[in-house]
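J.: Sequence:
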Amino acid sequence: MTYEVVFSLEAAAELVRIAGAVRPASAVIQAAESIRQRLEVDPLEDGHPVSEGLFYIDEEPLRAFFVIDDAGLWVEIADFRILPPIT
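In terms of this note's numbering, the sequence shown is residues 112 to 198.
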């Protein structure tokens with residue numbers, strides 16, 4: 112199965128904000144694309160539960176929060192955050 116991955120307006124705006132704050136910005140865009148590709152294949156495989164129906168997935172330097180609609184075969188990325196530096 113292939114899932115359609117969509118970004119909420121809030122997630123898209125946050126991605127633009129993060130890309131403006133993190134250097135190189137290309138790393139942010141590449142991470143977002145990698146997340147999208149991973150979620151297309153099997154969102155539950157790479158996703159980690161946060162609460163009822165909400166999951167997250169990490170791809171340095173991003174964390175994406177998403178919900179899954181199995182019946183409609185789509186995933187909505189609801190928000191992005193910058194991962195804290197590994198110490």
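I should point out that these hints are in silico values taken from the structure, not numbers from a laboratory. Treat the hints loosely; a few may be bogus.
Label pairs and their computed distance ranges (CB to CB) [as the list claims (entries may be wrong)]:
1. A136 to E163: 15 to 23 Å
2. D153 to G131: 16 to 24 Å
3. G131 to D181: 16 to 24 Å
4. D157 to P135: 31 to 39 Å
5. A124 to G183: 32 to 40 Å
6. A182 to A132: 34 to 42 Å
7. A182 to P135: 36 to 44 Å
8. Y167 to Q141: 13 to 21 Å
All residues carry an ideal CB built from backbone N, CA and C; glycine is no exception.
J.: Take the hints in turn and mark each one as holding or not.
T.: Verification of the supplied hints:
1. For the pair A136 and E163, the beta carbons lie near 34 Å from each other, so the given range of 15 to 23 Å is not met.
2. Distance hint check for D153 and G131: the Cβ-Cβ separation is about 31 Å, which falls outside the suggested range of 16 to 24 Å.
3. Here the CB-CB span from G131 to D181 is close to 35 Å, at odds with the stated 16 to 24 Å.
4. With their beta carbons about 24 Å apart, D157 and P135 fall outside the hinted range of 31 to 39 Å.
5. Against the hinted window of 32 to 40 Å, the Cβ-Cβ separation of A124 and G183 comes to about 24 Å, which falls outside the hint.
6. Under the hint 34 to 42 Å, the C-beta atoms of A182 and A132, about 37 Å apart, fit the expected range.
7. Separated by about 39 Å at the C-beta atoms, A182 and P135 satisfy the suggested range of 36 to 44 Å.
8. Range check, Y167 to Q141: Cβ separation about 18 Å, and the 13 to 21 Å hint holds.
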